[in-house]
Structures are given as C-alpha cells and as structure tokens.
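Sequence order for the protein chains is L and Y. The letter at position 32 of the first sequence is residue 32 when you use the numbering used here, and the numbering goes up by one with no holes. Just so we're on the same page, the numbering used here is the position in the second sequence counted from 1, plus 86.
Keep in mind the hints are simulated off the structure, nothing from the lab. A few of these clues could be false.
To be verified - When the alpha-carbon atoms are kept at most 25 angstroms apart in a straight line, the in silico DSS-like pairs for lysine-lysine are as follows:
#1 Y:297 <-> Y:280
#2 Y:156 <-> Y:505
#3 Y:373 <-> Y:156
#4 Y:120 <-> Y:156
#5 L:77 <-> Y:156
#6 Y:347 <-> L:77
#7 L:77 <-> Y:531
#8 L:77 <-> L:49
#9 Y:294 <-> Y:324
Claimed, not checked - Only some residues are given here: those of chain Y computed to face chain L with a beta carbon under 10 angstroms:
#10 249
#11 300
#12 342
#13 346
#14 435
#15 439
#16 450
#17 452
#18 454
#19 465
#20 467
Owing to the predicted nature of the structure, the values given are computational and were not obtained by experimental measurement. Glycine included, each C-beta is placed from N, C-alpha and C at the ideal position.
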Amino acid sequence: MARAQDMLDEAIALISGAGETGLSDRLTAQREKFFFTSLAGVPLANKVKKAGTALSADQSDANVNAVDSLVQQIEEKADAPGTVLT
Amino acid sequence: MSSDVYFMDARADSVDTSLIAKTTTVFDAAGLDKLVSPGDVVAIKLHCGEWNSSAYLRPVYARAIADRVKELGGRPFVCDTTTLTYSPYSTRATELDLLQTAERNGYSSAVMGCPFIVADGFVGTSDYRVDIPEGYLLKEAYVAQAIAAADVLITLTHFKGHGMGVIGGALKNLGIGAQSKRGKFNVHMGGHPKYGIGAVVEFDETYKVDKENDPEWNLVEDACPIGLFEIQDDNTVKWDRDKCMSCLGCLGVMNPRGAFKPSQMLFDATDIAIGDAALAVVKTVPKVGFVTLAIDVSPKCDCAGFSDTPIVPNLGVFASTDPVAIDQACVDAVTESPGLPGSLSEEMGVDEAGERKFDLAGAAIEGLSEQTTINTAVVNGLGTRDYELHHVEPAGRDKFRYPYDRRPTKERFARMFEKFQPFPFDRHDGHGYDRLPEVDIDAVKPHDGPTVGVHAHSAYHGDGTSHGPSNGAARGNDWHPGEEGTRTHSTTHDH
C-alpha cells in the first residue's frame with residue numbers, strides 16, 4: 001500500500017470513529033486517486049491524520065473545522081492536472 | 087580510483103566569499119580553466135527555469151563563468167534545450183517558448199555578456215546521434231547540436247530534487263538537459279516495448295470523461311501532440327498506445343483523473359537512461375567540466391512551474407571533471423545536512439541529518455532511488471562514486487573587485503562631484519539637510535513598538551506636502567535639487 005494511502009486510512013478510521021462519517025466518506029472517495037498512490041499526497045495525508053487524531057480526542061467545532069478544511073484542500077489538489085511528475 | 091571534487095560552502099562575509107566569486111574559484115581549483123584554450127567555443131549548459139519557477143540559478147552565475155571563459159580566450163555561449171511536451175503547461179517546448187521563458191527568467195544575451203541560444207533548434211531536432219555500446223540500457227543518444235559542436239562544455243547545474251529523476255544534478259543536466267527533444271524521447275523510453283508509457287501504464291478503459299463536472303475535460307483529447315486519445319460517443323477514451331512517444335504530455339491530465347495508473351518501471355528505466363545519455367555527451371564534446379550549485383535545493387525540478395521551499399539550507403558550490411563524483415558529493419552533502427524546518431523534507435519525515443532526502447522528498451512516486459542514475463553512470467564507465475572532497479580557500483578580495491573602474495575614491499569621483507555636487511553644502515549651516523539635532527533613539531528600538539507618540543498629519547497630496555498645493559508648501563519644501571545654489575558650495579571649486 002502506498003505511504004499516503006496508509007496515512008489516509010488511519011485518518012479515515014480516526015475521523016469515522018469520532019462520528020464524522022461525512023468527512024471520512026469524502027476522504028474515502030479520494031483514496032484511489034493518483035494523488036494518494038503517489039508521494040504527492042503524503043504531506044496532506046499526514047496533516048489530516050494529525051487533525052484526525054486531535055478530533056478523536058476532542059470533538060470540538062474547531063477540530064471538526066480543521067479536518068473539514070484539510071478535506072477541502074485534498075479534494076482540490078487531488079484533481080489538479082498540474083501534478084508534478086517530471 | 088577516486089575523483090577529485092572541489093567545494094566551497096555557501097557562507098559569505100566578503101566579496102571573495104560571495105557565491106559568485108566561489109563559483110569561479112572552484113572552477114579554477116578543479117582545473118576547468120585549463121580546459122579552455124584561446125579560440126575555443128565553450129557551451130555553458132544550464133537549466134533556465136520554467137515559467138513561474140523561482141529556484142533556478144540566478145543568471146549571474148552563468149555570467150561569471152562566461153566572463154571567466156572570455157578571460158581565458160574562449161568564446162562562450164549559454165544554452166538550454168527544448169523539453170518534451172510534458173503537460174498542458176509546458177513553457178520551454180519550442181525554441182520560441184524557451185527563449186521567451188529564458189528572457190523572463192533573466193537569461194538573455196545582454197545579461198550573459200554572450201549569446202543565449204537553444205542548443206537543439208526550433209522544435210528540438212537539431213542534434214548529433216552518438217552510439218553508446220557501453221550503455222546499460224541505451225545504445226544510442228541524440229546530443230543537442232550546439233553542445234555537440236562545441237570544443238568545451240561547462241555543465242552549470244542547479245542541484246535539486248526531481249519527480250522522475252529523483253535528483254536533478256550534473257548527470258541529469260547532461261542526460262536530459264543536453265539531449266535534443268528527439269533525444270529526450272529516447273531517454274523517456276518513447277516506443278520502448280517494455281518500459282515506454284504505451285507499454286507500462288495501466289489504462290482504465292472504463293474511464294469516462296465527465297463533461298458535466300470536469301471543466302477541463304477537453305484536455306483529455308488534447309493531451310497528446312499526435313492525437314492518440316479519442317473520446318468516444320459513450321465518453322470512454324480510446325488510446326492508440328502502440329504509437330505513444332512517451333512525451334509525458336498526458337500524464338498530468340490522465341493520472342489525476344484516474345485513467346492512468348503510472349508505473350514505477352517507466353520512472354526507473356528513465357533514470358537509468360539518463361546515466362547512459364550523459365555518457366554520450368561526454369563522449370561527444372572534447373573537453374567537459376562540471377560546476378554545481380547546491381543552493382535553493384527545491385524538492386521538485388526547475389521544470390515545474392513553481393518552486394517549493396528548499397529541503398535543506400544552502401550548501402555551497404562544487405566543481406569537478408567527473409559528473410558521477412560531483413553528483414554523489416552533492417547527494418551526500420544533502421544527506422548529511424539537517425532538513426529545513428517547514429519544508430517537504432520535514433513533511434516527509436526525512437529532515438534529520440544523515441537521512442536520505444530525495445527518495446521521498448524529490449521523487450513523485452515511492453520506490454525510486456536517488457542513486458539509480460549515479461549507479462548507472464558507474465556501470466557504463468562514465469565516472470566513479472568515490473571522490474575526495476577538497477575544501478577550497480577564497481582566492482582573495484582583489485580578484486573580485488568591480489572590473490569596470492578600479493580607481494580609488496577621489497580619483498574616481500572628484501571631477502564628477504565638482505560638476506554635480508550631490509551633497510547640498512549650502513543648506514542648513516553646511517549640514518546639508520533639515521534634520522533634528524537630537525532624538526530619543528531608544529524610543530524606536532523596543533520590539534513591541536515605539537515608546538513615543540505617532541506624529542499626526544493630514545492626507546498627502548502627491549506634491550511632498552500634507553497641505554495641498556493651495557495651502558502653501560510644507561516647511562523646508564521650497565528648494566529642489568538643480569535650482570540655484572546647488573553648485574555654490576562645491577568642496578573643491580568655488581563658482
């Protein structure tokens with residue numbers, strides 16, 4: 001499994017476990033994209049994993065919003081045609 | 087047997103320790119000055135940067151090398167080559183693109199003090215075919231014509247990461263950068279039955295173009311310069327993969343949409359081919375030297391249309407006659423360096439000193455190696471990974487003085503100041519300017535803000551006052567340079 005997918009799976013489990021299944025489903029929809037099968041998605045996967053950890057410990061609005069913001073960033077970047085390859 | 091690599095770090099506290107001075111100092115220390123004989127045509131090959139990239143080498147480094155070559159009697163030109171098509175955002179794919187991008191990035195003949203040229207012609211087919219039976223994978227390569235025709239090649243490299251090549255060093259500057267466009271198709275495995283994109287990419291034939299939700303859906307059909315993609319009536323895509331040249335134009339379009347699953351094998355094979363193609367250049371040009379600046383070490387190449395925060399602090403400048411040794415020395419220096427906080431090396435978890443950085447922070451996909459190209463160039467006999475690093479001392483300040491006027495201050499400025507005295511000696515009792523005799527200096531030094539009140543003023547009116555033209559001039563604003571009196575107190579001549 002790709003490094004980014006691995007981190008994303010941990011994030012999805014944490015966020016889902018915190019009851020935010022809407023957010024975790026949105027992440028699941030991105031999981032197979034090139035962004036996460038390549039290394040490009042590692043930084044954001046790592047960030048959403050950390051945000052998911054915080055959310056798991058404290059389901060405050062601030063933590064939910066932090067995850068939501070990262071999910072939005074991922075949705076934008078995962079479909080960007082300018083993904084660096086060469 | 088080991089090779090010699092000459093190095094100066096990136097710290098500076100005097101003109102002879104500036105990186106520009108160090109660039110020519112290591113050039114000489116490595117004996118590259120001895121490569122240039124009077125009358126030699128000298129190609130200085132560099133990467134002029136893509137449109138909107140910002141970490142590429144400042145043109146002044148090439149200018150410094152070009153000036154040194156001219157001092158030695160050589161006839162330099164600075165050059166880059168056309169790229170593959172790469173993506174919808176290519177900005178160096180033709181000579182016209184490249185010249186316009188280079189000019190925007192500061193690379194012009196006026197700046198270089200010598201011509202800036204595109205070494206492989208308008209569409210990248212000006213080249214020289216070279217047999218390389220020693221090659222590990224490639225058996226021929228296509229060297230850009232202007233480089234192949236030169237007497238001397240100075241490979242001036244910005245060391246950085248690269249999504250496909252993992253590192254962008256001297257070998258890549260030869261194995262990609264000094265190849266023509268035709269040569270780049272070769273290196274990128276175009277048409278290769280096992281490693282080419284047409285052979286290795288997993289293509290999802292059930293993928294459908296989403297014309298309703300994808301505003302750039304038409305990029306799919308237009309992603310191939312020879313039209314190998316065709317959108318069908320049911321919105322699936324037909325791809326004539328057997329004819330694929332591996333120009334990479336489609337990857338940035340097809341990968342994010344999930345239509346392609348890229349293959350590590352393509353990347354690995356290309357990295358091997360870079361090492362072989364590099365050999366072809368060294369076989370072709372009679373004399374070749376290498377200068378590499380490991381500064382602004384961005385994780386992705388200058389061929390991206392952006393430059394991320396460098397992954398390590400600036401390291402310095404290297405020079406050698408062995409491209410393998412110099413690349414290995416740069417890789418080792420980056421490995422030994424701590425990563426830069428907030429950079430991709432930290433985000434990838436490879437920011438400790440001693441950790442390899444580029445396998446994760448440079449490569450686009452997992453499993454690539456920063457050593458593949460280097461090792462290939464060992465196997466094909468181009469050079470050695472074993473090197474002795476020589477720390478070079480500064481060459482002395484006098485050598486790097488401003489060349490256009492070396493006269494002492496009085497000799498240089500006295501006559502000019504007689505005519506155009508810039509200091510208004512006739513004003514304010516010879517003190518020249520309207521200033522208070524004394525202020526509370528400590529009042530404006532506190533880090534949490536000044537301890538004196540803000541001076542109130544009304545709106546400014548663009549004439550230097552806050553009163554407006556009809557309200558009269560501000561205090562002391564009734565005199566302007568060039569008016570009567572500006573010459574009457576020359577320090578050396580009384581009018």
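Which hint numbers does the structure go against, in order from smallest to largest? Violated hints: 1, 2, 5, 7, 15, 19 and 20; rest satisfied.
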